[in-house]
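Novice: The residues making up each chain are set out below.
2 protein chains.
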Amino acid sequence: MRTFSDRLMDAIDDKRTVVCVGLDPRLGLIPAFLKQESVSKYGETLEAVSACYLAFNKGIIDAVKDKVALVKPQIAFYEAYGAPGVKAFEETVRYARSAGLIVIEDAKRNDIGSTAEAYSSGHIGEVEFWKGKTRVYDVDAITVSPYLGFDGVQPFLDDCRIHQKGIFVLVKTSNPSSGQLQDLLHVVDCPWMNEVRQGLADDGTAPLFSNMRQLGEADKVTVSPNYMSMAINVKMWGDGVLGERGYSSVGAVVGATYPSEARVLRKIMPKTYFLVPGYGAQGGSAKDAMACLNSDGYGAIISSSRDIDYAYRAEPFCRSHSEDTFDGAASEATTAMTDAISKAMKSAGKYPW
Amino acid sequence: MRTFSDRLMDAIDDKRTVVCVGLDPRLGLIPAFLKQESVSKYGETLEAVSACYLAFNKGIIDAVKDKVALVKPQIAFYEAYGAPGVKAFEETVRYARSAGLIVIEDAKRNDIGSTAEAYSSGHIGEVEFWKGKTRVYDVDAITVSPYLGFDGVQPFLDDCRIHQKGIFVLVKTSNPSSGQLQDLLHVVDCPWMNEVRQGLADDGTAPLFSNMRQLGEADKVTVSPNYMSMAINVKMWGDGVLGERGYSSVGAVVGATYPSEARVLRKIMPKTYFLVPGYGAQGGSAKDAMACLNSDGYGAIISSSRDIDYAYRAEPFCRSHSEDTFDGAASEATTAMTDAISKAMKSAGKYPW
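From first to last, the protein sequence lines are chains L and D. Following the numbering used here, the numbering of the first sequence begins with 1 at its first residue and continues without gaps. Following the numbering used here, the numbering of the second sequence begins with 1 at its first residue and continues without gaps.
FYI, nobody ran anything at the bench for these hints, they're computed from the structure. Just so you know, these numbers come straight off a predicted model, no measurement behind them. Do not rely on the hints blindly, as some may be mistaken.
[To be verified] So these bits of chain L aren't anywhere near chain D, every CB distance computed over 10 Å:
#1 K87
#2 P146
#3 D158
#4 N175
#5 N294
[Claimed, not checked] Computed Cβ-Cβ distance ranges for the label pairs, DEER-style:
#6 E44/L x E44/D: 29 to 39 Å
#7 T45/D x V39/L: 22 to 32 Å
#8 L242/L x G43/D: 34 to 44 Å
#9 I162/L x T45/D: 47 to 57 Å
#10 G100/L x G246/D: 53 to 63 Å
#11 G100/L x P316/D: 55 to 65 Å
#12 Q154/L x A281/D: 17 to 27 Å
[Claimed, not checked] If you want a taste of the chain D side facing chain L, the calculated C-beta under 8 Å gives, among others:
#13 E79
#14 V86
#15 K108
#16 G122
#17 L157
#18 T173
#19 L181
#20 S229
#21 Y298
#22 G328
No residue lacks a Cβ here, since even glycine has one placed at the ideal position from N, Cα and C.
In isolation and in its complexed conformation, chain L is listed as follows (with noise of 0.2 Å):
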């Protein structure tokens, strides 16, 4: 049976690009004629709101569907519009796959057991429903946060098997405090780690910070970021879900913006695929990428969002373009990401085609 993996590996060969476009609408970037026709349809309403985002996104991916593999919307743009901004986010992802389109939902979900089965089956999954089950939102990935361990991405897991869907996990983030907690090092293995853990059931009556403990003979002390411990982790969730290409469905999302930590979480997570964000806007060059692909060129998927999205407002393609012709800009701006990703990807020796 064919994996998400292998399904989106063929999509990548299919287009001759990693490059993955993410569709994040905003009232305030989006061009007045579609604002305009939808309020004349709809008033000044949440429902107004629903289908100029429709319109926008449908207007992107025309513009992007013959060059790229994948688009990725990020749910909260939407959500935050309640009913009507789910529905246009329901829609989107419709008219994307019927494009042919790989849909990537970025919704960081994350709950205990029995809720992450609910968020699984309604994104990726089936829901029960009046007879048998059916299926809501039917994205072919979604990505989730790895706070509360194993048992939250246990159903996500699940579906990934029974319905080839895919999963990409939080390891190492794009954003600025993504070490806070992501970089902390922790101590993998110690000598005194039983009396170490013992002082964590602590009764809570001695002072403050009395559960941090010294540790003795350091010499045989090993430390290790969490990231890296998430990155075994994912490792090991995704061996279960390996396709034919030798890929996991189970990615991870590390960010572009740190490709030291990048270069390492490749070398633990040679089969599982990483969603890079972080490219353009947030500052991460297309060198920098490179360190989350794999020597075959594969492994990686490279998203960019407002730079594509909103190319009609910014330099270079507002000298050409306005808002009448933001799905020409979005257009350029995609072949000017991909050409440039090419080129990086040719010098770093990782061009498959």
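Based on the hints, put chain D in the right spot on chain L.
Specialist: Showing chain D alone in chain L's frame:
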């Protein structure tokens, strides 16, 4: 200006209980007569699911509104049914608030700064609209997941201040595998920290796990579990949103299933309100939950969902109730829980009324 934490404590005083009722509708567990009513009106559609979820919630809310101060709808169960499900969530929130209840949305949202802003605006703040701004979900508080660090939390903090709302940040969750990341012992301080940190910038040419470093001078190495560092962050984040009654509007999620950890967390975050899941179905006892309360009897909300929503299906309430009186069973289950919690509070010397 009265903060969320002030309103929360006033409401708790008014009802004289710290119990919070979860609103977790599941199609398979909802009384058949409610489902039939919805299907006869809307057919076997998602709209019918939405309608019977709302009808079920109204029954539970009417049954408990005079007994508790708070309800906690888990958005996963609504969101799983797409836009119609989200509509049921929004209408449930409105109905609960109009009944004088404080609504805590369990959503565990998280993302990078600009996207976290979209989540926060939609759920507890105001979104950009056709003229000016508008509120969408307008819940009183929302749960937030901290894997991405501070800049993913900042937008929520701003809305807490501006709109007198609250957040509850995941610190030590109630699920079995919460320790997988949350309990990892990290190095708080050691003499070689900079060298160890530099090791993380390894170019990746070293063998796998080369970035795991061995520490020296162990007697000077101090370690602490990740959840404790997160607790210290939550305390700091909350100091900017303190209410007249001494507590912060930035709360923490601390599972009733980990009382030893809760005792320590209570000391680290004295002014932080704990949202305590895990009571009942997940195995946390009333006595366990007491560790989350301060000696003044405040500082914790103890939540239960399945045991109350579906009391009519389980012992002992199923003896005197059937589907038709699911609300009566929920009412009795709520009374039983509030009595058990109050009893435990009294014997712990933490009953403020």
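Novice: If a hint holds in the structure, say so; if it doesn't, say that too.
Specialist: Results of checking the hints against the structure:
1. With a least CB separation of 4 Å from chain D, K87/L falls inside the 10 Å interface cut-off, contrary to its annotation.
2. Residue-level check failed: P146/L sits 6 Å from the nearest beta carbon of chain D, not beyond 10 Å.
3. Every CB of chain D is more than 10 Å from the CB of D158/L (nearest about 15 Å), matching its label as outside the interface.
4. A beta-carbon of chain D is positioned within 10 Å of the beta-carbon of N175/L; the least distance is around 4 Å.
5. At roughly 12 Å, the least C-beta separation between N294/L and chain D is larger than 10 Å, which holds for a residue marked as non-interface.
6. Checked against the hint of 29 to 39 Å, the C-beta distance between E44/L and E44/D comes to roughly 35 Å, which is consistent with it.
7. For the hinted restraint 22 to 32 Å between T45/D and V39/L, the CB-CB distance of approximately 29 Å keeps it satisfied.
8. Against the hinted window of 34 to 44 Å, the Cβ-Cβ separation of L242/L and G43/D comes to about 42 Å, which satisfies the hint.
9. At roughly 25 Å, the beta carbons of I162/L and T45/D sit outside the given window of 47 to 57 Å.
10. Distance hint check: the CB atoms of G100/L and G246/D are about 58 Å apart, consistent with the given range 53 to 63 Å.
11. Taken as a hint, the range 55 to 65 Å holds for the pair G100/L and P316/D, whose Cβ atoms sit roughly 57 Å apart.
12. Distance hint for Q154/L and A281/D: a CB-CB separation of about 18 Å, consistent with the stated range 17 to 27 Å.
13. This hint holds: E79/D has a C-beta 6 Å from the nearest C-beta of chain L, less than the 8 Å allowed.
14. Proximity of V86/D to chain L holds as hinted, the smallest CB-CB distance being about 4 Å (cut-off 8 Å).
15. Restraint check, K108/D versus chain L: the minimum CB separation of about 5 Å is within 8 Å; hint holds.
16. Given the 8 Å rule on beta carbons, the hint for G122/D holds: about 3 Å separates it from the nearest Cβ of chain L.
17. Contact between L157/D and chain L, as hinted, is not supported at the beta carbon level, the nearest pair being about 13 Å apart and thus beyond 8 Å.
18. Checking T173/D against chain L by beta carbon gives a least distance of about 5 Å; that is within 8 Å, so the hint holds.
19. The interface hint given for L181/D is met, as the beta carbon of that residue sits about 6 Å from the closest beta carbon of chain L, less than 8 Å.
20. Taking 8 Å as the C-beta contact cut-off toward chain L, the hint placing S229/D at the interface holds, the least distance being around 7 Å.
21. For Y298/D, the shortest C-beta to C-beta distance to chain L is roughly 18 Å, which exceeds 8 Å, and the interface hint is violated.
22. Hint on G328/D is violated. Least Cβ distance to chain L is approximately 25 Å, over the 8 Å limit.
Consistency with the previously given hints fails for numbers 1, 2, 4, 9, 17, 21 and 22, ordered from lowest to highest.
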